[in-house]
Every structure is written in C-alpha cells, then in structure tokens.
Amino acid sequence: MSAALRASTAITGAAEWGLGAAPDGTRPIDLMAQASLRALADAGLTPADVDGIFAATTQLPMAPLNLALELGIDARCSDATNVGGSSFMFHVDHARAAIAAGLCDVALIAYGSTQRLVGRSSASVQELDPWEAPFRPALPVTAYALAASRHMHEFGTTREQLASVAVAARAWAQLNPGAWSRDPLSVDDVLASRMVADPLTLRDCCLVTDGGAAIVLTSAERAATLPRPPVLVLGAGQAHSHRHVTGMPSLTHTAAAQSGATAFAQAGVTPGEVDVAQLYDAFTITPILFLEDLGFCAKGDGGPFAASGAIGRGGRLPLNTNGGGLSYTHPGMYGLHAIVEAVRQLRGECGERQVPGCEIAVAHGNGGVLSSQATLVLGSAATA
Amino acid sequence: MSEPSPPAAVVDAAWREGRLPYQRTEDGAAVWPPRVAAPGDGRPLSWHDSAGVGCVYATTALHARGAEPRNIALIDLDEGFRIMSRVDGLPAEAVKIGLRVGVRFTEADAETGARIPVFVPLEEQA
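Chains as they are written, first to last, in the working numbering: chain R, 1 to 384; chain U, 1001 to 1126.
Warning: the hint list may mix true and false statements.
Just a few of them, taken from the derived set where beta-carbon distance is under 8 Å, the chain R residues facing chain U [stated by the list, open to error]:
| no. | residue |
| --- | --- |
| 1 | LEU128 |
| 2 | GLU132 |
| 3 | ALA138 |
| 4 | THR142 |
| 5 | SER149 |
| 6 | HIS153 |
| 7 | ALA197 |
Derived from the structure by calculation, the hints contain no laboratory data.
For each residue, glycine too, the CB sits at the ideal point set by N, CA and C.
Let's have the full structure, built from the sequences with the hints guiding it.
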C-alpha cells in the first residue's frame, strides 16, 4: 500500500468547456484546450507552468501530443492511458506517482469530445470481440442491459428502482443551471420512454453531448501557495476485470470492489464518512452496482438504496449532484466531469445543489463495459 | 513443432462444421473467450468440443427503430464456459434467465460460408 501518496497531491484547478452541442467545425482538441486553459487560470497558472500531460479521448489516440502542440507545453512526462470513461481517475493515480517520483511538478489532466457533433459511431469506433460480433450486440448498451437483467434476477431489483436513479439525477440537474436535461422526470416517464435494450429505456441511458474538462494536479506543498482551496487526493485505486462482457466473471460484481478498497484503505476513510459521491452513471444500473461494490450499501441492496431517497438532496449519500451522465452531460468518457463536480462540492461552489459541510468526496470512474474501474477519495484541506 | 493455429481460425473452422469448441487448462478448467495460453500461469490450453447444452445466464431484447426486438444472451454451457449468442424459437423478451437451451448452427452465410451457434429451448429441440 502506497501510504506515502496519501494527501501528497492536490487538485488546484478544475474547469469544463463546451458542454452540450458544439458548433460546426469544432475539433475535440478545441474543447480539450479551452477547458485546460480555464483549469490552469483557475489554478493561477499558465501552460508554461505545465510539465506533465495526462490526456485521453477516443478521437485522438495520442492526445497528449495534440494538447502539447495546441497550448505550447514542453512536457517531460506524458500519459495517454485510455481505458474508457475511467481513464482520468487512472491519470490522477499515475500523475500523483509521477509527481512523487519527480517526473513532473504540474500535471494537466484533460479530455475533449465532439461525439454529438460528428456522431457517436464515428467518434468512438467500437473494438469488437470476434466471438461477440456475429451476434451484433449494440454496444455499449447491450452489455449494461445484460448486467441489469442479471441484477434483477439475482436480487429482485426492479425497473422502478433502476428508474429512480435517473429520477434522482434529474432532480439534481434541476438545481444545476448548466445541466443539459432539466425538465421534470418521473419513474413513470422513464418506464414509458422508448425501450432500447430490455430492461433499459432511453431514460435509463446517459446523454450524448459534446464537451471538454480539465484539472490541474500539483504537490500538496505547491498547492498551498496557489489561489484556490486545495482538494487533496487522499486515496486512489484502479482495477479491471475484462475487456468485453463475455469475459466478465460475474455481471453483478465489478472491479470497483478492488479499486474502492484500495482507495478507501489508502485514504483512511470508510464509505460511511463520505459526504458526496460522483459515481459514473452511464446507465441506471451502473451507480447501483458501484454503490454496492464501493461499500455504500450491501451487495444486492443498490436498487432499494437508490429508490429510498438516500441519493437525493438531504439524503444519506448525495449522488451525482451535477445531474450526472444521465442529465448533466456525457461527452462519451464522463470520468473527468465526475472529478470536476467532486472538486466543486469540496470547494463549496455548487450553489443550490451544494451539499452542506462537504469535506470528503468520492469520484468513481467506469470504463468499457463495466471493464475498468477507478476510485478517488478526495478531501478538503481539513482532511490532511 | 508447427505454430498453433490462431484461436479465431480454430473457432471459425469448427463453427463451419457445426461444432462448438472451447479450451481447457491442464487442470481441466474451461476457458472462453479463447486465448493463446492459460490465464494466470501461461501453460498450454487444449481444444475440446462442447455438447452444446447449457442455460441462459443473462438476456436482453434489443429494440432498434423499425425492427422487431431481437435477443442477445450470455449462455453458460454445462462444461463451465460462457459465450454470447442469441436464443431463437420464442419472442426476444420471453427469453428468461435459467432457461435450458441447446445449440443449433445457422445456415452457411451465402457470401462467406460462415455459420454461428445460436440456441433454442431444449424442449423444442428436435
């Protein structure tokens, strides 16, 4: 256990840019660079201060190279790790180790996508398993629908409980002026919307938007000299269990159990001490699985937990407080947006949706088809 | 010693002959998807033919606009491995987890000659 990494680094800048529908001609690097400039300005820094680049997007397989050119960054440490939507939690884990090892001092972690503008099928070309492809699974939704079917079978999870995740996300989005979908949404609305992959309807599925995001990570010592309240990385964990869904050992147990255990142990925090959680919600089944696997409730209780009101405002565990991938934004790989919302909650800048007294936040990323999992436990300066 | 055939070539050839191959470790554990060596210890894998009988582990019905729902399922074969396939012979939404199923191969594709393993409820199998 790398205990020395606990609270050794801090997020000192965070920003998003271009969420929604990008104008014609927009390149993914435009959104990545714009978000990066704003995250750096937020941190009181400029591109000249950056010496480590951690970036990924399906549209730019060598993203750090694009971003370095775009912003004129002379990087001595770069990482293009792409394991899907959780990539940015992996980047934080790698960046803090790089900072501790002296490979870089100021790490820029960035994302940008124009998947809505160019179409999801061209923005994110699916790598198919040769023994799944003949059956033409629509991906990724087929894999998540299979997992949902299994969860319903093993634990009695209902479509209404799945829908309650989307309803809670929408209620949070209604408190967030920046959210893409803010119309009222009921459980009945979710159930009555177009069936996509049984049991998941259109409203059980995340949005398809454009957008970019970026954060700046430095040593905790340097962060203390910068203008914004530092958000400490108390713990981080990463794990993966398969690439394609056929190889997933159990469709009701994700590698979040491993990534979460690593992150919580390192942070010295228990799930009960977490004030707010941002758990990747690509589909309504995903936060249910992660609530269980991260230890916020018992295995199998994710559905009743979500439907109980625990994940809403004033609930035991405010979840996806920006509205999440279901109602806020989802430019293809949402993980960095979950981190940005955790930072904003810990800084107390969330306005109507602010969770009072927020000191400890979890940002959990999911990639592929429940394949890669990474968990960050983040804390305010008081948690050092 | 000749190089072993790539797993995808072995499977494609077997499917064309109406066989359902899978791999086993030296300890007898079934392995799917196919790979070049046993997971974990890297020892050789051997090929075997499945009896093609198992049960539905997970299931969904895909609803594309303007088309009838179609089934996608994960099937647990009795030998201890799991593959993606579909269940024919009943409406896509009527496929239930736990249903006992048996393999049937599709007719050869007119262009490629490829065949794929699909499953039918065991009671309905001739």
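query: Looking at the structure, which of the earlier hints fail to hold?
result: Of the numbered hints given earlier, the structure breaks just one, which is hint 1.
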